[in-house]
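Here the protein sequences come in this chain order: A and B. Each residue of the first sequence is one higher than the one before, counting from 1 in the numbering used here. Each residue of the second sequence is one higher than the one before, counting from 1 in the numbering used here.
Derived from the structure by calculation, the hints contain no laboratory data. These numbers were taken from a predicted model, which means no experiment stands behind them. Hints are not guaranteed to be accurate.
[Unchecked claim] Pair ranges (Cβ atoms, derived):
no.	chain 1	residue 1	chain 2	residue 2	range
1	B	243	A	102	16 to 22 Å
2	B	245	A	133	23 to 29 Å
3	B	245	A	42	44 to 50 Å
4	B	2	A	56	42 to 48 Å
5	B	194	A	56	55 to 61 Å
6	B	161	A	16	41 to 47 Å
[Stated by the list, open to error] In the BS3-like style, the derived pairs of lysine-lysine whose C-alpha atoms are separated by at most 27 Å in a straight line are:
no.	chain 1	residue 1	chain 2	residue 2
7	A	80	B	226
8	B	132	A	123
9	A	123	B	121
10	B	143	A	123
11	B	143	A	59
12	A	80	B	185
13	B	4	A	80
14	A	111	B	4
15	A	80	B	119
16	A	111	B	251
17	B	204	A	59
18	B	251	A	68
19	A	151	B	132
20	A	80	B	143
21	A	151	B	143
22	A	59	B	251
23	B	226	A	111
[Unchecked claim] If you only want the chain A side, here are some residues facing chain B, beta carbon under 8 Å, derived:
no.	residue
24	43
25	52
26	132
27	165
Quick reminder that beta carbons are idealized off the backbone N, C-alpha and C, glycines included.
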Amino acid sequence: MISETNIKNKILEFLREVPDPEIPVLNIVDLGIIRDIREHNNFVEVDITPTYSGCPAMKVIEDDIAAKLREKGINNFRIKNIISPAWTTDWISAEGRNKLREYGIAPPEEKSGDKNFLLGKTKNITCPHCKSINTILISQFGSTPCKALYKCKDCTEPFDYFKCH
Amino acid sequence: MEIKDLIFNYSLRLGDSSLVIGHRLSEWCGHGPILEEDIAMTNLALDLVGQARTILTYAGEVEENDRTEDSLAYYRDERGYRNLLLVEQPNGDFAMTMIRQFLFSSYQLLLYEKLQYSKDKTIAAFAEKSMKEVIYHVRHSSKWILRLGDGTAESHERAQNVLNQLWRFTDDLFDGDEVDAELTKLGIATDLSLLKPVWFEIVKKTFDEATLIIPQGEWMIRGSRKGIHTEHLGFMLAEMQSLPRAYPDAKW
Ligand SMILES: [Zn+2]
């Protein structure tokens with residue numbers, strides 16, 4: 001007899017095999033969008049939360065989760081989209097942050113809810129290539145909703161910053 | 001009105017304003033003054049259309065008349081739309097788009113800050129989520145106002161002209177009616193008249209810094225909550241709705 005916790009952990013491991021469609025170096029568990037997994041009488045429920053309201057990757061992520069569960073022999077499931085509490089970059093795991101850095105994307109440095117940046121007070125973002133903090137914001141909006149565009153003044157490379165949310 | 005009618009109406013207002021300004025911003029796609037700005041405006045559009053999808057879906061559920069986000073967006077006429085007059089104003093030049101955005105986003109942020117504590121759980125969750133996105137919109141548009149207003153003689157003049165043109169639509173933001181009043185009593189909506197002075201302080205501070213002057217004694221135009229619009233919305237909807245109306249079975 002396998003306990004519910006064991007099944008949940010097993011499913012969580014399966015979901016670690018699902019990459020984020022836009023930042024494939026992260027899996028969806030690292031990203032913090034899996035909010036809960038429940039199992040009852042062989043029926044599995046997975047709660048997910050969108051990173052951004054208009055995130056076009058959400059539908060793909062749902063389909064990928066469904067495909068993964070079926071691949072692992074789980075056919076009785078439901079994926080539920082929940083928006084509260086709202087996703088925050090604080091939920092990106094430490095491992096996820098390291099993976100981002102290695103991939104060339106600077107991980108979020110501010111705490112979510114830090115309103116200082118509304119007033120234009122931003123932290124120095126560390127260049128993921130050369131670790132310099134001599135960097136400059138090019139645009140608050142980058143290639144995907146979650147990223148801002150920065151440039152390093154030391155190694156002169158542009159880079160993406162996973163902005164705080 | 002029954003409570004479900006009130007919530008339906010209120011959700012339409014929230015959703016329609018986001019949808020309309022989101023669509024307006026998307027009209028800039030491929031036309032931005034610089035590449036980064038093209039991307040920024042479409043990012044804003046993505047957030048706003050995303051917000052509209054969430055809350056229009058909820059409106060459809062509350063109404064219980066089998067309407068979805070799509071049927072609400074594509075099969076309502078101008079008079080059925082409940083968006084604010086400000087957001088339907090055409091893009092104009094870049095200053096027009098940014099000042100429109102700043103006036104709206106700073107309003108939206110204050111509104112959502114209140115609505116995150118709404119007793120309606122879906123509205124509260126929607127506001128909590130959207131607020132995080134809107135903070136970026138306020139920040140982006142306010143920075144442009146500083147650059148344009150306090151920039152060159154020409155950028156200043158154009159920004160001032162735009163502010164003069166758009167200011168007349170700002171009373172409409174706070175023009176609450178019985179829907180707002182009823183829902184505020186129930187702890188679901190918020191008293192817009194209390195937001196107005198806070199909003200004014202915020203925008204005035206930015207305009208002061210940008211050396212732009214808020215016009216006084218303008219004739220104020222209202223009516224969005226009754227579905228009365230300026231001449232621009234109809235044209236925008238005609239374009240936005242043309243495909244699903246011509247091909248109702250079209251699917252992604
Ligand atoms: Zn560098």
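To see whether the hints hold, each was checked on the structure:
1. 243(B) <-> 102(A): 16 to 22 Å: violated, 43 Å
2. 245(B) <-> 133(A): 23 to 29 Å: violated, 54 Å
3. 245(B) <-> 42(A): 44 to 50 Å: Once the Cβ atoms are compared, 45 Å apart, the range 44 to 50 Å for residue 42(A) and residue 245(B) holds.
4. 2(B) <-> 56(A): 42 to 48 Å: violated, 36 Å
5. 194(B) <-> 56(A): 55 to 61 Å: violated, 37 Å
6. 161(B) <-> 16(A): 41 to 47 Å: Violated - the Cβ-Cβ distance for residue 161(B) and residue 16(A), about 55 Å, lies outside 41 to 47 Å.
7. 80(A) <-> 226(B): violated, 35 Å
8. 132(B) <-> 123(A): holds, 18 Å
9. 123(A) <-> 121(B): violated, 34 Å
10. 143(B) <-> 123(A): holds, 17 Å
11. 143(B) <-> 59(A): Judged against 27 Å, a Cα distance of about 33 Å means the pair is violated.
12. 80(A) <-> 185(B): violated, 32 Å
13. 4(B) <-> 80(A): holds, 24 Å
14. 111(A) <-> 4(B): violated, 38 Å
15. 80(A) <-> 119(B): holds, 22 Å
16. 111(A) <-> 251(B): violated, 40 Å
17. 204(B) <-> 59(A): Judged against 27 Å, a Cα distance of about 41 Å means the pair is violated.
18. 251(B) <-> 68(A): Satisfied, since the Cα-Cα distance of roughly 26 Å is no more than 27 Å.
19. 151(A) <-> 132(B): holds, 24 Å
20. 80(A) <-> 143(B): It is violated: about 38 Å lies between the C-alpha atoms, which goes past 27 Å.
21. 151(A) <-> 143(B): Between residue 151(A) and residue 143(B) the Cα gap is close to 19 Å, so the pair holds against 27 Å.
22. 59(A) <-> 251(B): holds, 15 Å
23. 226(B) <-> 111(A): violated, 41 Å
24. 43: It is violated, given that the least Cβ distance between residue 43(A) and chain B is near 24 Å, above 8 Å.
25. 52: For residue 52(A), the interface hint holds, since the closest Cβ of chain B sits about 6 Å away, which is under 8 Å.
26. 132: violated, 22 Å
27. 165: holds, 5 Å
Hints 1, 2, 4, 5, 6, 7, 9, 11, 12, 14, 16, 17, 20, 23, 24, 26 from the list above are not met by this structure, while the remaining hints are.
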